[in-house]
Amino acid sequence: MTSDNITELLAAWRSGDASAQMRVSTLAYDRLKALAVQRFARESSAENMLQPTALVHEALMRLWGADATPNDRQHLFALASMHMRSILFDHARARLAQKRGGSAFKVTLGVLAEGSADSAQDAVDFMALEQAIQRLESEDSRTAKMLCLHYFGGLDQREIAEQMLLSLTTVERGLRFARAWLKDALG
Amino acid sequence: MSNVQRQREIFEAALAALPAEREAIVHQLAQQDFALAEAVLALLATDADAAINPGAGAAMAPVQKMLQSLTLQTPAHLGERDWIGQQIGPYQVQAELGRGGMGVVLLAQRTQGDFAQAVAIKVVHGIVDQQAKARFSRERELLARLNHPNIAKLIDGGELTCGQPYLVMEFVPGLPLCTWMQTQRPSLVLRLEVFRELCSAMQHAHQHLIVHRDLKPANVLIDEHNRPKLLDFGIARLVDQSIGEHATTERMMTLAYASPEQLRGGMATTASDIYTLGLLLYEILVGESMRSEQESHANRSFISKKPSDRARLVADASIRDQAGRLRGDLDHIVLKCTRTEAAERYVSAAAVAQDVTRYLQHRPLESRRGELRYAVWKFIRRNPLSVASFGVLMLALSWFSVQLKLERDRAQTAAVIATEQAELAKQTTQYLVTLFKSADPANARGKELSAREVVDRGFASLKASPLDSPTVRAKLLATFGEIYLEIGMPEPALAGLEQALQLLPVGEAYDLERALIFEHLSNAQQGANQIPAATQSAQQAQTIYETKRGKQSIEVARVLIRLGIYEQSNDQFSQARLLFERALEIAQAQPGQRDMVAEALQFLGVGAARTHQLELAERYLREALTIKRAALGSDHPRTLDTLQALTVVLGRKGDIPAWDAVAKELTEGRKRVHGPDSSPYFQSLFARVSLLSYQLELRAAESLAREMIAGFDKLSAEPLMEDTLAYDSLANVLEERGEVAEALVWQQRAVDVLSNNQALQSKTAFALRLRLAQLQLHGKQAIARQQAEQLLADVLRADQAQPARTTNLDRPQASLDALEARLLIRRIDDSAASPHDNEQAQLWLDQLQRLRGRTSPLWLLRALEFAEHDSNPQRALTNLQRWRAYAKNLPLLDAKYAIAIAERRIALQPNDTNVRRQAGALVAPFAPALRGELAPGSALLLRLEALLKR
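Listed in order, the protein sequences are those of chains A and B.
So that you can map any letter, position 184 of the first sequence is 184 in the numbering used here, and since no number is skipped, the others follow by simple counting.
Heads up: take any position in the second sequence, counting from 1, add 1000, and you land on the numbering used here.
Looking at chain B on its own, in the form it has when it is part of the complex (with noise of 0.2 Å):
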């Protein structure tokens, strides 16, 4: 299938689905591929658009008249027969009760016999092709074998006379489920009655081996008894049917209601029809689709699946008074329902059903068993008045004899332990009063001792001295190890936890300890850089938090982050999204545990940018920022970083507003909390560095970069990381302004300072190496060609290092690297280039928009040079017109493509007058900011210039 066959398809898919859920799709069918489904986000995006102004952009007549053309009219009606009147069997038809994809249902009598039976007749209207008749005569077959009061009979069947097929079904004069809600308003117990009987259609179903496939609130009609029927086996199939058809008619289904597996384009089975309940319930107790994006709400549906969490903030008043009432066992129920993972699921409907009875009786969930804090207080919801009498009293405690026995067991190990907490205690002081002690100038011979050798001198008398209890020495050792970790030293760390591990006696009772010094250990392991052994130790603690607290404890959530950052480290974001997800799940699924709800969106925020869905990554980072705000407060640590990341993802996306107010509420908070004189609020200054240089107040952004590097200057003698990157804003600021010379002392700088700490290799010296590259283009071409050709291969050589497992949604990272150095290899070679290279760069140049978005500055950056040094003086133009729309809100990058523009007009008409002076009003807006902010001699202002003077 060729790669435009393949983005119809899944932008055909995508159309079909709610605006809303059109990137989450495309991202779902285009699994595997990253360019693919960009391309079909960037043409939905066109669609919407074309929607609105058809010809809008289309630089060219004839496109425009097409395109205007295209802008389609509603569509018309296939076989728009008047069905009113006509006899199909022994029905006559008397109204048109509704249309679908493939057919339409009519309202119909029966006529002969003795008395009058209402039916509803669904006919296959249009063109009847193969796969729909087979399609109308399985779903006849498969409701031939179904017998249940909550599911519309089938009555009949047939062919009309011009060959197209027909069933007839028992009419249910009934509501749609969603109509029933919004008409009648239904108390939470009779909308809970109604699921309840749902499960249970659902129930005979599977039973009979039937997979519904397409469950929405649409195929749901309430008759006046409040009894619920279940339309529309249409995509129906048998749970063993091959699946010869299957490709076709799981695209059928409506993707708002889809189970992720239906989603990936795999089978559906009775656990997606679980999943779908699990939808149906949700809507059922929220009046409110689960996957619908409401932007009124700060906390939007695809990160909390808990109804509680929403119906706190629906506009209808009726159920957000019950909010409440849905916390705890109905929030469980939805949640359990819609595990991503299919075998977390209930088993059957049946036990959806089961478990929403016992809801209604105030009885503990089957599935929440074991918890005894829950069960005691479902107890005592139960039986309220009763719960005082002796008998009942004794009947709790046999009830829990078990449990209790084993509180107490741990109660026992709990004062083992208690005891050596406080030996622990006692010894800590002690050793830091000695510490202390030797940290006295008196006692120092002199000469002040830094933090570091006070800690070393302690961890030196810690091996000398004789301790009673292995353990108690084990915990010093593991809490030096976490001062180590603190200040900056993994080393002495690992040692430290490493020994700390060995000396921790063997047993259970330990087992929490052991796990937690694992955690610390990974910490260090990551810190030396030692990721296989760091998410061995984690994998450690994994195992141990399982047995011990639970696969879905918040343990268990906190290590499987900490195994995503370095799946994530190593460029592995699909294994890393998948652990998030399941940290999301799990922690999502308790009480108070919003913090390490936020953490896990943070990660898959992070996740999605660096693999270029930037869109996605703004949603994860402003949920997981409201989470923390409201936690946290703005003004916390870790809020801050949430904001640093929404920072980055707005700068490159090149939503200029939004950027700017954010990294303005960054510095301002970074200020606040660390001080004006600290590393992250220096750190925070390199948006708004990149913020003036784009909005053209060059000179401000050239005194900012400098500030910055003084500050870093201040903090650390050696320069670190944090340096190179601000050389680099530096060198980036006067190259704007053009001067190019001290740009590339600057550059070189940031260059070699990452050669000096053997990171030469890592993904942030390929970016600044890059630049280096472009900058020595202004003079030396062929140091220039050199330097990208070697980065070329780097980024090559770092790509094909990757483990095998690596997917292409791993690689965009790699793909952009490769992608730059190409183009730039490209541009040096310009003047030898044939029109076919020039294909082949365009060609990058597209997959580079596909990457980063075509309003990202970034790209529109390489766009511009590409389409200034393009041979097509023609193709040029029209580029160069149709990109400047992009960077309208980028004054800088606007004045440039201006000023290109311009020029090329000329020299495709250089006689014209007219044109001429037409160039020259386009460009002189921008000369009284280009003059004030650009180095006089500089080539732009050289060329603007020009342009004026003609």
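Same shape as in the complex, but just chain A (with noise of 0.2 Å):
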């Protein structure tokens, strides 16, 4: 996978290649996949739950749905970025419902939680980690995009430098405050 093919790729779905369409899926698919793996599975094998893949799934339909088409390959993972933080929410907001309802049948993500107590905390962590995000934002914008283009779209220093016009040394350091500020401010 090369960062040229899918920018052609999405300039070629524009000028109407529908087939395009199709083989951004592809390409975007296996990078977000890994990065969900990576990021926000716990080793999760319970039937039930939500995995990685369904995620990813649920992000593509959303950024597909959606009306505007990405301009360029960063341009598609800042999108993904913004779907996969909102699923995530989502999903943790529900679990946490099901919760507070004292449900007793287990429906819970493979993405947040391996089950048992444990999920359930994920989805209270996860909570307070998107209000954290949410604090950010309110604050600092341009830091908090910084972190969720990294964290949620799997975008790297280089990356995130070209799609928000900023050079590699303030994103470095940018990158570096929110992880501290984070730190901090969950301990």
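The hints are simulated quantities; they were obtained by calculation from the structure and are not laboratory data.
In this text, a Cβ means the ideal position worked out from N, Cα and C, and glycines have one as well.
Misleading hints may appear alongside valid ones.
[To be verified] Which chain B residues face chain A? A few, computed with CB under 10 Å, are given here: (1) Gln1007; (2) Phe1011; (3) Leu1015; (4) Ala1016; (5) Leu1043; (6) Ala1045; (7) Asp1047; (8) Thr1878.
[To be verified] Computed spacing ranges between beta-carbons, pair by pair: (9) Lys1888(B) / Met127(A): 29 to 39 Å; (10) Ala94(A) / Ala1658(B): 44 to 54 Å; (11) Ser86(A) / Arg1917(B): 38 to 48 Å; (12) Arg1917(B) / Arg23(A): 56 to 66 Å; (13) Ala94(A) / Asn1914(B): 20 to 30 Å; (14) Met1001(B) / Trp64(A): 37 to 47 Å; (15) Asn1914(B) / Arg23(A): 44 to 54 Å; (16) Ser1569(B) / Met127(A): 49 to 59 Å; (17) Gln1918(B) / Gln134(A): 30 to 40 Å; (18) Lys33(A) / Ala1921(B): 36 to 46 Å; (19) Lys33(A) / Lys1888(B): 41 to 51 Å; (20) Ala1921(B) / Gln134(A): 33 to 43 Å; (21) Met127(A) / Leu1720(B): 50 to 60 Å.
Take each chain as given, in its own frame, and dock them per the hints.
Here it is in structure tokens:
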């Protein structure tokens, strides 16, 4: 997978090549799946859990469902990062609602937990994380954006720099700030 | 701009600097906002931690993953294209010379035309924004104006097809300055020649109204003929250029070589370049940067700016051996370049070069003219063989004839004064005889006279007796004034000194005596708590010394320290710091004034401690301690004073091992020097009592506190400030042991003593009143609340009464007291608390942490109380686990945290036997110590037993 490939395919798609969308999806899927496994999954096996695969599918569906077509590769992953985040957030909220409702039926997310007490704990923790990110967004949107591109979109520093039109040094320091800030905010 | 954005900007600026520099830079950039600086420092500490262990300390799994993902790979290079072989204009790239923040520098050769010409090409890499383009074209424009043998020439410039701009520069085959020094080992003279040429290059730029702003060793190349070339005018700007872009580019300079005004975020001027030349000269002389902090050096750089001081300590023997040659003139040049006040530096780079030249020729420095001894010494040094010859001697004499006349005039005045001195001595002796006669029991009608009565009698008889010379009378009055001061009676001292001042004859000959009396008067006024008057008197003395002794005289430094102390006593910390720093500068510039240097450092340290800059305070105090130990010896009372200040700082930091060591040394020192029955010795026990209780040796702490109180009682029947602090100390230990009733009695007594002395509004009183209110919590909540509210009102009123020029930096104590009071009220109202209130409390707690530091025992204690009363069990547990990590050196707090954590866990999962077992195991290790140290029936003990029973 090369970066130019995705950008070219997106251009082809915009100019009417319908098959390009499928090929972009395949390329994007591989990368997002790797990210989801690495970042959001615990070793999960339970049957009724939403697997990383499902997370990525849903993210891509929301992506293609929107009106806007991504301009280029970076833009695509930036959009994907937004969707991944909101899906994770929605599931965490749903999981907590079930817990409060005292549901004995265990529906949980592979992406969030491996089951039992820990899954609820993860959902709680994930909500805390989400709230911290929201706080950061309201106070320093640039840093929050960098953080989300990196964490939910899997963009590396160079890609973030290009996407946000910033220098590499700025991105590197910005992410270090984000890390320290988060760590202090959440312990 | 939001608070987080400001934090980020400072954070990023600090990351750009050397680690050792960061704290100073943060404080500079956040100058007006103390809480901001502390927040950024905390973030930087976290960043440093995270670099080593990304997920550590994060209790939550997703957070851990996030933090780990953020542990960043080494940054990828932007625009990572392979330049070699590329054609740029008429040049073909042959190698990459280096990379910088915004560009890459390439070695290229001209391939068109008849001859091969090597050039250096600087290209912006990565995405080129408009700002970078603008900077580049400005560099090109500025460089085009310059034509100097020591500045790399601009040859050409243009844009690549992809729009990236580039500059073609003269290629300098040479070594960076530092490498050159390390590999070529140039002689001192050669190094100074190089420096002189750099000054000349800088002068050339300044003449063309260009400020370099980023001079540093890496920007200086030395060619094979040992000639320097100045590179990189990347962020230079025109002197008169509008400051539109100023904010961005000012931040791009290398902070390690920035001048104070640049660090403060001000405009860089030619004077800033002069400052940096001073830093560069220092590095050229010593081989190490002035600001680099090397732990192995007892004498750290931020304190002594003298190259000769540092050179004695460096590893390089060839530099160490020459340290003596740096003393004097070269020290002077560096110091004059690096004055904090821009106006006090050399006026131009040419003036710096001139003094270096004069040094190389053994001629007197232009800027040290007028120092007679210095000039003669230089003359002899310059003419070692001919000095004996008659002609030269005549020449020398005529040269200095003016000075000699001045000296003679001074000598005649001295003769007059000497006569009076003799008269004074005689008169004084007579008075002393009279005094002792009256003190003789036979003359005192059978009763013994106290020291005070003896002095009173003498003073009265002096007033009554006729004396020929008003001068002698004035001096005797001044002497009595001093005696009264010594025995702690400022009022009669004031009377005596004021009278002395009136009697002293008018005329310049007595000016120095006058200044001295003003100093004593100022001292007495301070003793009588008349700070404005004391300040005025000190300023009178300062004016006289400045005219008679010069602005840089040691007398002026002494008065500046005095003025600083007054500002500090009014909580005007910024103002005080400026005064101490000026005193420090003066003292450092003079030989043999080490203890004045130490004195200034000590007060800087005390100021830093009182503004809760504990790291900085520790560094100042340790440096002062090193100097005092060397100059006065370890057992000198003034050395011990510094040790005492350091003890307080370490205690507040919660640096337990260091605190323990220093407190022991202090106690032993006080015992040796002042004796085991002295007030200083008893005072030194405060730290030991605290330490013992934190170390969970509460019984020992209690008996030591009682010993201290008994000691103070023996020394004075009337309770003084020390006694109240001792009561507080004992109350504290008793509370920890669970003897609440007795604790209340002692705490109440402490507050009562203060209210008898009308000192209830003092800062000490605030602390004691706060603790009283906290103790009331054990029973009478209503009283506690009322006391806390009254306290809060008093704190806020006192804060508002501050003069208008008070800055935020000056009021951390006020905000700290207010925070403590608010938290206490919050805690009392806890049952009725809404979630919103809880968040407010969390905010206060965060602010408190920034002020006190996260390892501070006092903060950890407050945090524990907060978590114990938190209505959100999950947050409480997370917080407790997080904070406990900082309490690991404090067994008492560690135990309390463990108990609180165990209780919270059980509360969260009350039916889980596993959790119960684990909770029991968590607190079991503390059981023997707590059972032995706590009073039976103490609340903490009951909680422990309950946990163990399950």
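Distance restraint hint 49 to 59 Å, applied to the beta-carbon atoms of Ser1569(B) and Met127(A): Hint holds: Cβ distance 50 Å, inside 49 to 59 Å.
Hint check for Ala1921(B) and Lys33(A) - Cβ pair distance inside 36 to 46 Å: holds (42 Å)
Assessment of proposed distance window 44 to 54 Å (beta carbons of Asn1914(B), Arg23(A)): holds (53 Å)
Verdict for Lys1888(B), Met127(A) (Cβ pair) under range 29 to 39 Å: holds (30 Å)
Interface hint status, Leu1015(B) versus chain A (Cβ within 10 Å): With Cβ-Cβ at 5 Å, under 10 Å, it holds.
Ala1045(B) as an interface hint toward chain A, with CB separation required under 10 Å: Result: holds, 8 Å to nearest chain A Cβ.
Range hint 30 to 40 Å (beta carbons of Gln1918(B) and Gln134(A)) holds or violated: Given about 34 Å between the Cβ atoms, the range holds.
Ala94(A) paired with Asn1914(B), Cβ distance criterion 20 to 30 Å: holds (29 Å)
Restraint satisfaction for Leu1043(B) [CB to CB of chain A, less than 10 Å]: With a closest approach of 4 Å, the Leu1043(B) hint holds.
Hint check: 10 Å Cβ-Cβ cutoff, Asp1047(B) to chain A: At about 4 Å, which falls below the 10 Å cut-off, the nearest Cβ of chain A leaves the hint on Asp1047(B) intact, so it holds.
Range agreement (Cβ of Arg1917(B) with Cβ of Ser86(A), hint 38 to 48 Å): The hinted range 38 to 48 Å holds for Ser86(A) and Arg1917(B), with Cβ atoms some 41 Å apart.
Distance restraint evaluation - Lys33(A), Lys1888(B), Cβ atoms, bounds 41 to 51 Å: The hint (41 to 51 Å, Cβ to Cβ) holds, given that Lys33(A) and Lys1888(B) are roughly 42 Å apart.
Violated hints for the displayed structure: none, as all numbered hints are satisfied.
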